[in-house]
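J.: Just so you know, the sequences run in chain order A and B. According to this note's numbering, the first sequence is numbered sequentially starting from 1. According to this note's numbering, the second sequence is numbered sequentially starting from 1.
By construction, these hints were calculated from the structure, which means they are not laboratory data. A portion of the hints provided could be inaccurate.
Listing some non-contacts, in silico: residues in chain A with all C-beta distances to chain B over 10 Å [what the hints assert, rightly or not]:
hint	residue
1	Glu11
2	Ala54
3	Lys91
4	Gly140
5	Asp151
6	Met169
7	Val268
8	Val317
9	His335
10	Ser473
11	Arg481
12	Asp594
13	Lys600
14	Glu625
According to the in silico footprint, chain B covers these stretches of chain A (three or more CB under 8 Å from chain B) [unchecked claim]:
hint	region
15	319-326
16	514-528
Every residue, glycine too, gets a C-beta built ideally from N, C-alpha and C.
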Amino acid sequence: MPKLDSGAALESFRQSLQAAQEAQRPCVTICSGTGCHASRSDKVNAAFVEQLQAQGLADKVDIKRTGCHGFCELGTIVAILPQEVTYLQVKPEDVAEVVTTTLVEGGVVERLVYHDAVIGAIPREDDIPFYKPQTPLVFGQNRYIDPCDIDSYIVKGGYAALAKALFSMSPDEVLNEVKASELRGRGGGGFPTGAKWKTTKEAADPVKYVVVNADEGDPGAFMDRSLLEGNPHRVIEGLIIGAYAIGAHQGYVYVRQEYPIAVDNLTVALQQAREYGLLGDSVLGSGFSFDIAIHRGAGAFVSGESSALMAAIEGHVGEPRPKYVRTAVSGIYGHPTNLNNVETWATVPLIIENGSEWFRGIGTEGSKGTKIFSLVGKVKNTGLVEVPMGIPLRQVVFDIGGGIPKDRKFKAVQTGGPSGGVIPEKMIDVRVDFDDLSAAGSMMGSGGLIVMDEDTCMVDTARYYLNFLSEESCGKCVPCREGIYQMLGLLTAMCEGTSQPGDIERLEEISGVVKDFSLCALGTTAPNPVLSTLAHFRDEYEAHVNEKRCPAGVCKPLVNYYIDPDKCRACMLCFKECPAAAITGARREIHIIDQSKCTKCGACFDVCPSRYNAVARLSGVPVPEPVAAGTPVSPRKGGDDE
Amino acid sequence: MSEITLTINGQEVVAQEGQTVLEVAKAAGVDIPTLCNLPELVPSGACRLCTVEIEERGRKRLVASCVYPAEQGLKVETETPQVASGRRLVLELLMARAPGVKQLTEYGIRYGVDPRKFDDTDADMCILCGICVRYCAEVKGLNAIGFVGRGVDREVMFIPEIAAKECADCSECFRLCPTGVLPSNYGINRVPHFDFPPNSFCKP
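Chain A extracted, bound-state conformation:
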């Protein structure tokens, strides 16, 4: 491949690629994102290669391994083009049937397509209710692109925005376009991207850097990962455009080592972009030179903080420094450095291509465009969703997410990861954008949405996040290091039933100081999970402290299982299920739980038939004395046993 040395060369190359494409040539696209990878999409891929060979279609059908489609709950996802038949949860053993039925006979394998309770079978991916309310602007190309093949990006219009910026816009015009788009940083802070770029651009130092922050670390979040894995060129394109606007000649991608596919795909993508002349000396022959290096993070959540990230790139320990002089002015090696999140960079080509006015047309007054969320937790359809800013949270959880599994009651959504807070049921109609989520006492964060049902204990949830944060605090400043540790101790005591009166107030007191006195955002936001659960679920905290009771029945030390002798029908189910052999009983003898042996796993509670409902989960009340061993079950009124 010769280097593309002008915008025209890129355009004619694109046209030659498009001309070579046969519109009706069948193509099997196999999602190879992290979720589907875990569902063994590599084996599905191998099965397709084998089956196409076996059924004599090897030279008539293409196979493409694409990025994440988003519907990770039902991976591996296989879409057959041009029919656009989408199969879910495809296993290697299904492949022969798919090849025969769809590729040879042109039919549909009914059992593998999405089934809706009302509509029935839905073969087209876009018609699935999970996708319908979505606006996949940034994420949408993932499913058509092979991330390891730059041609598949170019053929879909890739790098056209870069050519437009380089050849028909000045750096100032690019900056002004991004500014006018009112794009705000997708990493969590929501700082206006254009204003940030401007600060770096206007800094006097001629050496400037641009950085992609791909140190995504919030529990349950994987948006940036899937973008980098599935469509690395879009991020690269955005970064080159930004560098051109700002006047930087070196870029970095700070990506977690724990994202091996992202690192691999990005490495391949950078190499291909260099070979095509999209990186290196004189990008596309424009005279503007720029290159990108990958820096792999060594596994520290705090390194996602900009000053810690830059310290790590310099080779120091990833610890934050006070940022009274912003990194946009003094960042890597003291040079002005513009850092944006993966999703922010990936949005830039769209703005350049379609214009700021188009972009401003999506979203709300304060938050423009779309946002990718990872929808996880107690929700039927987990996965990645891209929705316009301002969509009601209810629609995300219930329409896209399909509601709560097993028809349990919805309780809250945690947004913003460990720095965010919970949105309780009474606020479920809040609009999802930067300002409204903040007003609701939480935050947008990088886009994690963790759905919780009625069986979630809020004190335990706060304890989980504080445990995460205490492990991830770098330990440099006292309030974060010692304060989070003490808060975790108080929360653990609550969950274990050893808390003292006044612990809630003590928790609030420490929260206030950690929030006000800590050095970086990890510390200043660390109390948020506690403060927001306290704001909405203070009664649960009080129950834990004052009554030693866990209302959700989650905190094991506060829970006991007990078999109601009046209800037990001696069916032996719990007796057989108990992994600790804590249940004694026999046919027609009332079963008894030996509390000293019980591990509180809840297996007896789960297996006891609902028509008996004999196993009770007690919390905050003493366990009644058991009946004498060998007591026969009481005869049932008006019916036979079992």
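Fit chain B to the known structure of chain A by using the hints.
T.: Just chain B now, with coordinates in the frame of chain A:
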């Protein structure tokens, strides 16, 4: 360098641009408590005890005075109730980790702490101010001592390979340690370079 004027606790103070708020306050005779500050070292902003309230364009916020640059027209309050109660809690948190440190006790009296507010069974006497680490790196250029671990597992540790060669002739950090625990830390972590027992597996 140009002269600037700021207000500290209602008093107008003249300062040089480039000074930190802490430096200006000190020069003006205002006592702000610090634990991790040493004039010859680059301020690290770690102990947070020097936190003060500033007012800029009508907006009040808390900043660490050791790293905050003095600005023209800045209004600084060094002992507001919020600042004092925050300092008290920071001291109480530190006292759990390092009970009986003289400097903490002195500041503790000033801010009325409850020294037993928090328990810590893992008390190890070091307050992790980092003065030794930064002094060795910045002034001596030796890096014989560093931090290991993170969060509450953070510890100061001598790097055996360097410490065995350099520390015997220096040990200047010992006198800088506000807790006095450093010499024993050195004794525990130092690799005795030449006196391995004859059959030791650890023989270098």
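J.: Say whether it holds or is violated: A:Val317 keeps its Cβ farther than 10 Å from all Cβ of chain B.
T.: Given that some Cβ of chain B is not farther than 10 Å from that of A:Val317, nearest at about 7 Å, it is violated.
J.: Do three or more residues from the region 514-528 of chain A put their C-beta atoms closer than 8 Å to C-beta atoms of chain B?
T.: The restraint on the region 514-528 of chain A holds, since 4 of its residues have a Cβ under 8 Å from chain B and three suffice.
J.: If I take the minimum Cβ distance from A:Glu625 to any residue of chain B, is it greater than 10 Å?
T.: holds (36 Å)
J.: Checking a non-interface call: every C-beta of chain B should be farther than 10 Å from the C-beta of A:Gly140. Is that right?
T.: Per Cβ check, A:Gly140 is outside 10 Å of chain B; nearest 39 Å; holds.
J.: Any Cβ of chain B at or closer than 10 Å to A:Glu11, or is the non-interface label fine?
T.: At about 50 Å from chain B, A:Glu11 clears the 10 Å cut-off, so the statement holds.
J.: Examine each Cβ of chain B, and state whether all of them lie more than 10 Å from the Cβ of A:His335.
T.: holds (18 Å)
J.: Against chain B, does A:Lys91 keep a CB gap of more than 10 Å to every residue?
T.: Holds, since 42 Å exceeds 10 Å.
J.: Would A:Ala54 pass as off the interface with chain B, using Cβ distances and a cut of 10 Å?
T.: holds (54 Å)
J.: Checking the smallest CB distance to chain B, is A:Asp151 really beyond 10 Å?
T.: A:Asp151 clear of chain B: closest Cβ-Cβ about 44 Å, beyond 10 Å.
J.: Does the no-contact call for A:Val268 survive, Cβ to all of chain B over 10 Å?
T.: Check passes; 33 Å lies beyond 10 Å.
J.: Taking the minimum C-beta separation from A:Arg481 to chain B, is that value above 10 Å?
T.: The claim is violated: A:Arg481 sits with its nearest Cβ about 6 Å from chain B, within 10 Å.
J.: Taking the closest pair, is the beta carbon of A:Met169 still more than 10 Å from chain B?
T.: A:Met169 is indeed farther than 10 Å from all Cβ atoms of chain B, at 35 Å.
Hints 8, 10 and 11 from the earlier list are contradicted by this structure; the remaining hints agree with it.
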